[in-house]
Amino acid sequence: MRINPRFTNKFVQIGLNFQAFFTVSILVIIVAIICFKGLPYVNFEFIFAYPEDMGRLGGIFPSIAGTILLALLSILFATPLGVGTAIFLTEYTKESLFTKIIRFGVESLAGIPSILYGLFGFIFFVIKLRMGWSLLAGVLTITIMILPTIIRTSEEAIKAVPRNLRMVSYSLSATKWETVTKVVLPSAIPGILTGIMLSVGRAVGETAAVIFTMGSSLRLPTSLMDSGRTMAVHFYILAREGISMEKAYGTSLVLVVSILLINVLAYYIMNKAISKYS
Amino acid sequence: MTMNIKIAIKELRVAFAQNEVLKSVSVDVYKNTITGFMGPSGSGKSSLISVINRMIDFEENAGIKGEVHIDGQNILDGDHNAVELRRRIGTVFAVPIPLPRSIYENIAYGPRLRGIRDRIMLHYIVEDSLKKAFLWDEVKDRLSMSALKLSGGQQQRLCLARTLALKPEIILLDEPCSGLDPISTAKIEDALSELKKDITIILVSNNTKQIARITDFSAFFYLGELIEYGTTERLFTTPTMKKTEDYIQGKFG
Amino acid sequence: MIKNPVRKEQFVKWVLVAFALSSLLFLFLIFMFILFEGLPLFHKVGLKNIIMGSKWAPTKGFFGIYPMIVSSFFVTFGALFIGAPMGLSCAIYLSEYSGKRMKMFLKPALELLAGIPSVVYGFLGVIYIVPLIRNYIGGSGFSLLATSIILGIMILPTIISISFDSLVSVPKTYREGSFAMGATKWQTIYKVVLPAARSGILASFILGMGRAIGETMAVIMIAGNALRIPTSILDPLRTLTGNIALELAYATGDHRLGLFSTGVVLLIIIMILNYIANFGIKRKM
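Chains as they are written, first to last, in our numbering: chain A, 1 to 278; chain B, 1 to 253; chain C, 1 to 285.
Incorrect hints may have been included.
[To be verified] Restricting the straight-line Cα-Cα distance to at most 27 Å, the calculated cross-link-like pairs of lysine-lysine (DSSO-like) are:
1) Lys44/C <-> Lys94/A
2) Lys272/A <-> Lys191/C
3) Lys23/B <-> Lys182/A
4) Lys191/C <-> Lys172/C
5) Lys191/C <-> Lys159/A
6) Lys31/B <-> Lys132/B
7) Lys10/A <-> Lys8/C
[As the list claims (entries may be wrong)] Under 8 Å between C-beta atoms, here's a sample of chain C residues computed to sit facing chain A:
8) Ile82
9) Ile229
10) Thr231
11) Leu246
12) Tyr250
13) Ala251
14) Val265
Hint data in this document are derived by calculation from the structure and do not stem from the laboratory. On a predicted model such as this, the values are computed, not experimentally measured, just so you know. Cβ coordinates follow ideal geometry from the N, Cα and C atoms, glycine included.
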């Protein structure tokens, strides 16, 4: 007995609609839970006060500061390296074995899971280079981790700049580097910024790579060699050790909202760029 | 009548991969004239231009043989500084390509590259260049507007003004008026006729009427070969080669 | 400082080459150090004893990670079991059924889903999924089932976006041809579009697997901590990633080396998976 294909078609269509709806609702549920459960505990004091009693009381200011420091410093290191690599690959060479090898390196880096970054960062920065658990060790590890993303998005952005703009610049007696800095990069900046924002989002949410390199000190990191926490690490410890469900929810709310804002910002920049050129 | 030769092209051969685009072309371009390079698509005229301004350097797989002398110096010499060369040679492309910035900044781009920082100087250059391109009156009140907002004809005149800002000795134009309205075309042609007093101009065009209108000398190219070269007047009234005659009469192209 | 312009260009080029090489340098360093720390134990204790050994008691000289290898694969396939059908369905919906407005709504939603940190997934899994399983199905709740569910959700964005890219790159003419022959939409998708997008979809699954097998934080929060191979989906387990994450902070000497050996095994598995996936994507192109 054959089922009428029109019936199957309709059935599938309804099924797929449902499926999509279901997927979106997962997201909505997650965000809703965190908002409702966390909101009561997030207030001015929560954000700016220091934790007390292992985090059972007080606020999460040091971990917010730690997160910001880690993210900003990592971006500071990774952006020149990443954009520079992207510029090299697109402007200064043509496709060859050499570029294939470099791309292989970048893709491989991208595929390494964060726990292995944590493992590497631990043995290399913390132990061998004797940095101890420190902001610096964390920053260097996260820099390497986000480098592939920045390279990829920068390359795409740079490639999207029309070739004839470069030709115009050259015909007006600009050198290659002048063309790159005065014509190509300015046009590619929105795409590059989007990549940076995405990387920041990733760095903010990272735990495995951070906890084994930056450590988990509750104190506010005031120097590069200080240990500290990020919000994600703090959240993990609160939850795992069962220190305080309330504070955990509160921390997760600040964490997720931060990432949400970063994503929204990235989207905004990207859309602004698209409208500028169409 | 002895005229100065500004650009001497000697037995130039250009090939992309195995495809020969220019087959041993020799032609002399005289100083302070408008010389037209005409011919149907694929005749190699654009490639010839890209050799003169060394923009061909950016093409992969380009093989070049022969010499191009400007003021007696072979610019294809390995040592020759291409960047400096392009300061002396302005190029206007077939499609107007304004930089995504203001009108002012478009014109100022070149001078700034050469180190001119003085604002009064820059403003003078911008005004002078726009006047010579017959665009000043239309944009003088809105120099900070984005160049992308100009019409096609205005953008192309902007591109011409942009090259003028570097005070070039030579200007190469590759089918600059294709797709432009007649008024813009006329303005550009008028501008060129004025500019030739101080600048050697090469105009590449598939529009024989335009060539007849404004050029002093014409060269007819066909499939990579120079078929005929001489004063425009002679070429258009008494062409020696049948192909030239057919082309001018519009029998192909 | 005025440099000869030609020299300046050369200088810039070499600086950029150095930047580009840095990626290779980092990759080299990572491989070097993990291998350097991890390989000696294989030599000392024996490859077989580590990869095939069932007992993990590193302070007593037992470095068997076989149960963890198996568990890692179990959670990966479990995640795929849950995530692949859902993910592929969503991708099909996005590419074949949804209108522009839906797309504009769904795409950011997906990116947001991808942006939620692993620890948050783990946390919510502990609070909601684990008790659910404990109360309604059985066991302690910390289980292969819980891990598969959460990981399945976590790899959704990966599967959806790559499958979606693969589906939309199937030329319109394929679909039109099928419609012209009287096929329904679903028939067209099933018989024409999906087969054409097959290698990209497969690649998305493999990349999803790569993601799942490398997941750490969510897994250690909800998988329990059992050192035995799970015999049912309700049994707790420990993955390779969990092994490293749970003990690295206090491990010393050979114990620490054992964790690096775990890292080596994990690294090799991931590299193979990534290579297969990239190879698959490249074949599609």
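A quick look at each hint next to the structure:
1. Lys44/C <-> Lys94/A: violated, 47 Å
2. Lys272/A <-> Lys191/C: It is violated: about 40 Å lies between the C-alpha atoms, which goes past 27 Å.
3. Lys23/B <-> Lys182/A: violated, 38 Å
4. Lys191/C <-> Lys172/C: With Cα atoms ~14 Å apart, Lys191/C and Lys172/C stay inside 27 Å; holds.
5. Lys191/C <-> Lys159/A: Distance of about 36 Å is beyond 27 Å: violated.
6. Lys31/B <-> Lys132/B: Cα-Cα ~19 Å, so holds.
7. Lys10/A <-> Lys8/C: violated, 66 Å
8. Ile82: violated, 12 Å
9. Ile229: Where the cut-off is 8 Å and the nearest Cβ of chain A is about 21 Å from Ile229/C, the hint is violated.
10. Thr231: Violated: closest Cβ of chain A sits about 26 Å from Thr231/C, beyond 8 Å.
11. Leu246: violated, 10 Å
12. Tyr250: Not OK, violated: Tyr250/C not within 8 Å of chain A, min 12 Å.
13. Ala251: violated, 10 Å
14. Val265: violated, 11 Å
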